[in-house]
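Counting the sequence shown from 1 gives a position; my numbering is that position plus 717.
Hint data in this document are derived by calculation from the structure and do not stem from the laboratory.
Do not take every clue at face value.
Taking CB as the label site, the calculated pair distances span [stated by the list, open to error]:
#1 G941 to S784: 48 to 56 Å
#2 S929 to K736: 54 to 62 Å
#3 A948 to L794: 26 to 34 Å
#4 R737 to A894: 43 to 51 Å
#5 W821 to L731: 56 to 64 Å
#6 Q782 to P869: 47 to 55 Å
#7 T949 to T969: 29 to 37 Å
#8 A812 to P732: 40 to 48 Å
Where a beta carbon is used, it is the ideal one built from N, C-alpha and C, also for glycine.
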Amino acid sequence: MTRRAEVAPSQVGLPDAGKRRTPGLRREEVALLAGVGVSWYTWIEQGRAENVSGEVLDSIARVLQLSENQRLYMRQLAGVQAVPHPPVAQPEAEAMRPFVDNWWPNPAYIADHAWNIVVANAAAQALLGIDSAQQDAEGRPYNVLREFFTSPHMRAAFPSWKETAPTLVARFRSHAAHHLDEPAIPALAAELMAESAYFAELWDRHEVVEDSCGPEVLRHRDVGELHFTRATLDFTRRIAMRMTVFLPTPGTGTEAALRRLSHVTLSQGMNAVDPLGETR
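Start from the sequences and build out the full structure, keeping to the hints where you can.
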């Protein structure tokens, strides 16, 4: 009712019929413009309607000229899945760089909703062989899932690659459920099913796991095995980006090894190191 009172008829293409007893749009006008019955709209506005569809709520949001946050809030109040529309433009990668560079020498990267790398710090580049400033051999952005299943550099970085793969796929499927309307995700899954029989087997299991935190073991030729706790931190769902940070496990020598690795990457050049420590 508050938002309805804030929208003038002229803002939605209705003729201005002079002064009204109450400001804004009438219920009948909102119902007409949203394509729903007046009684049904009245029940929705009064909180008496049950099983309201997301499509109807989005039509009402459009008529009332709600912001994206207001649209999602209305859906949440109605008990309907509240998935943000994808942003028109993602933040520039360099604007996100301080978030990962401030974790140095701990590896950190930011990925988008399809797990394409947006930006990675030098430690992540050295360990995982990913460079957000470049593209892969096919001209595509570096993708965590694709690299894991197709890149020998990424495979070498995981001592227990085969044992890690089921959890990684289950984490990706769980995350993908928040972006069901995004074509990039099924396209990536179809691509990897064609390229990797092991991925196809794991994808067909339909397993899902919570992916916010977990143990991770990585290997680098110069410093050996590194033991981490992997933590994934979400930015707002509106931009659909997540930062993954690898925090050294106490008592494993990983913190000292990362300091040694930082000297290696700086001496060799951050863009000239693969996950095995070999210059390209």
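| query | When you take the CB atoms of R737 and A894, is the distance between them in 43 to 51 Å? | reply | Given a distance of about 45 Å, which is inside 43 to 51 Å, the answer is holds.
| said: Is 29 to 37 Å respected by the C-beta to C-beta distance linking T949 and T969? | reply: 20 Å, violated
| request: Using the beta carbons of A948 and L794, state whether their distance is inside 26 to 34 Å or not. | output: 31 Å, holds
| Can the suggested window of 54 to 62 Å be confirmed for the beta-carbon pair S929 and K736? | Given range 54 to 62 Å: holds, Cβ gap about 55 Å.
| query | Taking the CB of Q782 and the CB of P869, does the distance hold inside 47 to 55 Å? | reply | Since Q782 and P869 have Cβ atoms about 53 Å apart, the given range 47 to 55 Å holds.
| request: Just tell me: holds or violated, for the beta carbon distance of G941 and S784 against 48 to 56 Å? | output: 51 Å, holds
| request: State, for the Cβ atoms of A812 and P732, whether the hinted interval 40 to 48 Å holds or is violated. | output: 45 Å, holds
| said: 56 to 64 Å was suggested as the range; check whether the CB atoms of W821 and L731 agree with it. | reply: 57 Å, holds
The structure is inconsistent with hint 7 alone, although it conforms to all the rest.
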